Amino acid sequence: MITAIFTIAGLATLFGLLLGYSAIRFRVEGDPIADQIDALLPQTQCGQCGFAGCRPYAEAIAGGGAEINRCPPGGESTMIALAELLGRDPVPLEDEAAAEKPKSVAFIVEEECIGCTLCIQACPVDAIVGAAKQMHTVIADECTGCELCLPPCPVECIHMHPIEVTPQTWRWPHPPTPGREVVNG
Amino acid sequence: MADTGVAARIHGGLHLDEHKQESNATAIRTLGLPTRLVLPMHQHIGEPAEPLVRVGETVLKGQMIARASDYVSAPVHAPTSGRVTAIGEYPVPHPSGLHDLCIVLEPDGEDRWDTLPPGFPDWRSTDPAEMRERIRWAGIVGLGGAAFPTAVKVNTSGQRRIETLIINAAECEPYITCDDRLMREQAADIVDGIAILRHVLGAERCLIGIEDNKPEAAEALRAALGATVDAATDVVEVPTLYPSGGERQLIMLLTGREVPSHGLPAAVGVVCQNVATAAAVADAVLRGRPLIDRIVTVTGRGVVQPGNFRVRFGTPAPFVIDAAGGRSTDYHRLILGGPMMGFSLHDHQVPVTKASNCLLAPAADELPPSPTERPCIRCGECARVCPAQLLPQQLYWQARAQDFDKVQDYHLFDCIECGCCAYVCPAHIPLVHYYRFAKTAIWAHERDRDKSDLARRRHEARQARLERLEAERKARLRQKKEALEQQPSAAGKDPKRAAIEAAMQRVAAKKAAQLDAGQAPNDE
Numbered sequence: 000m001i002t003a004i005f006t007i008a009g010l011a012t013l014f015g016l017l018l019g020y021s022a023i024r025f026r027v028e029g030d031p032i033a034d035q036i037d038a039l040l041p042q043t044q045c046g047q048c049g050f051a052g053c054r055p056y057a058e059a060i061a062g063g064g065a066e067i068n069r070c071p072p073g074g075e076s077t078m079i080a081l082a083e084l085l086g087r088d089p090v091p092l093e094d095e096a097a098a099e100k101p102k103s104v105a106f107i108v109e110e111e112c113i114g115c116t117l118c119i120q121a122c123p124v125d126a127i128v129g130a131a132k133q134m135h136t137v138i139a140d141e142c143t144g145c146e147l148c149l150p151p152c153p154v155e156c157i158h159m160h161p162i163e164v165t166p167q168t169w170r171w172p173h174p175p176t177p178g179r180e181v182v183n184g
Numbered sequence: 000m001a002d003t004g005v006a007a008r009i010h011g012g013l014h015l016d017e018h019k020q021e022s023n024a025t026a027i028r029t030l031g032l033p034t035r036l037v038l039p040m041h042q043h044i045g046e047p048a049e050p051l052v053r054v055g056e057t058v059l060k061g062q063m064i065a066r067a068s069d070y071v072s073a074p075v076h077a078p079t080s081g082r083v084t085a086i087g088e089y090p091v092p093h094p095s096g097l098h099d100l101c102i103v104l105e106p107d108g109e110d111r112w113d114t115l116p117p118g119f120p121d122w123r124s125t126d127p128a129e130m131r132e133r134i135r136w137a138g139i140v141g142l143g144g145a146a147f148p149t150a151v152k153v154n155t156s157g158q159r160r161i162e163t164l165i166i167n168a169a170e171c172e173p174y175i176t177c178d179d180r181l182m183r184e185q186a187a188d189i190v191d192g193i194a195i196l197r198h199v200l201g202a203e204r205c206l207i208g209i210e211d212n213k214p215e216a217a218e219a220l221r222a223a224l225g226a227t228v229d230a231a232t233d234v235v236e237v238p239t240l241y242p243s244g245g246e247r248q249l250i251m252l253l254t255g256r257e258v259p260s261h262g263l264p265a266a267v268g269v270v271c272q273n274v275a276t277a278a279a280v281a282d283a284v285l286r287g288r289p290l291i292d293r294i295v296t297v298t299g300r301g302v303v304q305p306g307n308f309r310v311r312f313g314t315p316a317p318f319v320i321d322a323a324g325g326r327s328t329d330y331h332r333l334i335l336g337g338p339m340m341g342f343s344l345h346d347h348q349v350p351v352t353k354a355s356n357c358l359l360a361p362a363a364d365e366l367p368p369s370p371t372e373r374p375c376i377r378c379g380e381c382a383r384v385c386p387a388q389l390l391p392q393q394l395y396w397q398a399r400a401q402d403f404d405k406v407q408d409y410h411l412f413d414c415i416e417c418g419c420c421a422y423v424c425p426a427h428i429p430l431v432h433y434y435r436f437a438k439t440a441i442w443a444h445e446r447d448r449d450k451s452d453l454a455r456r457r458h459e460a461r462q463a464r465l466e467r468l469e470a471e472r473k474a475r476l477r478q479k480k481e482a483l484e485q486q487p488s489a490a491g492k493d494p495k496r497a498a499i500e501a502a503m504q505r506v507a508a509k510k511a512a513q514l515d516a517g518q519a520p521n522d523e
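Protein sequence lines, in the order shown, are assigned to chains A and B.
So that you can map any letter, position 139 of the first sequence is 138 in numbering that gives the first Met the number 0, and since no number is skipped, the others follow by simple counting.
So that you can map any letter, position 96 of the second sequence is 95 in numbering that gives the first Met the number 0, and since no number is skipped, the others follow by simple counting.
Quick caveat, the hints were computed from the structure, so don't treat them as lab data.
Hints may contain errors.
Anything over 10 Å on all C-beta distances counts as not near chain B; from chain A, calculated [what the hints assert, rightly or not]:
1. 12
2. 23
3. 109
4. 149
Here are some of the chain A residues that sit facing chain B, going by a computed Cβ distance under 7 Å [said to hold, decoys possible]:
5. 3
6. 5
7. 166
Treat the numbers as computed from the prediction; the structure is a model and nothing was measured.
Yeah, the Cβ is synthetic: ideal placement off N, Cα and C, and Gly gets one too.
Excised from the complex, chain A in its bound form:
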């Protein structure tokens, strides 16, 4: 009886120490789930989800504080990818209309720009170059189309231009499948 108690107590101590040691030795920095979620988000940093960027939204999802359907730029495919990653059920998008908007980049009408730098401060990815009282311009390749530069502009000289499909970015359409209604558009 005594032997058994000591054996069990000894084992418990041993494993306790082992677990305690591993917790320190193999500690993972940051939140791996949030990292994985962040990798799936489109990184527009637009804040349409109600958080201050993609990373905070990823952390909120990981912490259980947010639904997976709040990212309009990611659209349905991102929602489904998140559902698969987290083992949750797919849910309809919160803002369907916003998700259907074509991908765009910001464009500054340079003749109208007064050089106030407000849009530069608003851009989450530093995709606008310019200086005070100098004309500004958007680096189109680096613009995520988040539209955060539109409201601060006092002269409304920033417009969103949809990204045009080129022969290099064109995608073959899904072949019309029998039994599935083909919508000609």
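Keeping the supplied structure of chain A fixed, place chain B upon it in accordance with the hints.
Showing chain B alone in chain A's frame:
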């Protein structure tokens, strides 16, 4: 000594009606000048070329009018002398039917050559790097149809040593005969090009793979080889079986080696080039001539006199059709490329480019549109004919379900889009269409992912910068505050109180002075 004969067989493949005799009986005709040439900047795999000319500028034949914008890119040269009338978006030969950047050239009719760089008559003692540079300058791309820049393909530095140069003369797709005619008429140029390519690559031997349905071409090559006493180059006749001209398939046939999945032929010590590419290399290295035209097969019952034509790039397709006797009453559509791998053109006005090997105008009953797709009956015919030994049926299910991870597990990117599976499918499923759909969708996802990675990096860099600036601002404020606090602390008092006390002292002193001065007169 180089071995002759076929080393191995390929999996699957099809025996198709050849339809070669319609166009291979007559000699190559050189096409005249159209009223305008439309030269797309993106005629090759890789980055598009960058225009070097402005609207209104006059150019000479062979002048470089657009330069390679990246390592994997190719320049474009003026196919004739004339004036640049526009630079803008025009219809290009692409399955999307979209427009792309082109330079429009109006020929002046003089066809005057620019001063060309000298040839390398003693190329055997010239540095291969110098000749690679010449090939790059000449804008040569794979003329078999894929249009991959040749200078990139022959730059094998840092890779495995190349033992064998394989020249693709199989021309396995029905209807197409441009390589056949070229071999019959310009075998000497091809043989020169082969010798140069072998020197550039440092390859010990060369195997020319040709299907056994072109005995005249094979004979012409043998005769040309005999004249140069090139013992390390052999003509190997392979059985006529579609798609023996696929790069991986031909390498398998001739060397018995299998190019690994995701690998290049260089991984098995082989580089493969098309015969027309070899002829273009000879032109560039020996005569300093850039690539400005190519042989195009014009065939099908939709044209009156099928045949082969030497066509300048940028020539509109209708001009070529007219040269082939014009449209017959059977004309109803135009395909760029062959019946198996080509695509229907949305706009028949598109120009001939470096990748255009064939303009096929089939009659309505010649290549009837595929009947309506029916459900897959899982017969397995597709897997039997697949030359890449894939499972087309599995690829189909996954592509249809848009499961892009699974479809890659089934090696989608090893599919050469030869069309054998769709050809034999009893349910008439457009299988290749599904694979192309999946491939372009995967590429689009990759582009999106790259873009979001870039945005993430830039956003993080910005956050870090803002935090740093904020920390610096706070540090500055703290310093100021501390500096202020230090002054009065020397007196051991609060600055405010010290100021008040000083003021009170001043007032008291004034009062005292007034008292001293005023008492006497008051007392009078």
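Here is what the structure says about each hint:
With 10 Å as the threshold on Cβ separation, the claim that residue 12 of chain A sits away from chain B holds: the shortest Cβ distance comes to roughly 44 Å. With a least beta-carbon separation of about 28 Å from chain B, residue 23 of chain A lies farther than 10 Å from that chain, consistent with its non-interface assignment. With 10 Å as the threshold on Cβ separation, the claim that residue 109 of chain A sits away from chain B holds: the shortest Cβ distance comes to roughly 22 Å. With a minimum CB-CB distance of about 18 Å to chain B, residue 149 of chain A clears the 10 Å threshold, and the non-interface call stands.
Interface restraint check for residue 3 of chain A: the shortest CB-CB distance to chain B comes to about 52 Å, outside 7 Å, so the restraint is violated. Given the 7 Å rule on beta carbons, the hint for residue 5 of chain A is violated: about 53 Å separates it from the nearest Cβ of chain B. Here the hint on residue 166 of chain A is kept, as its CB sits about 4 Å from the closest CB of chain B, short of 7 Å.
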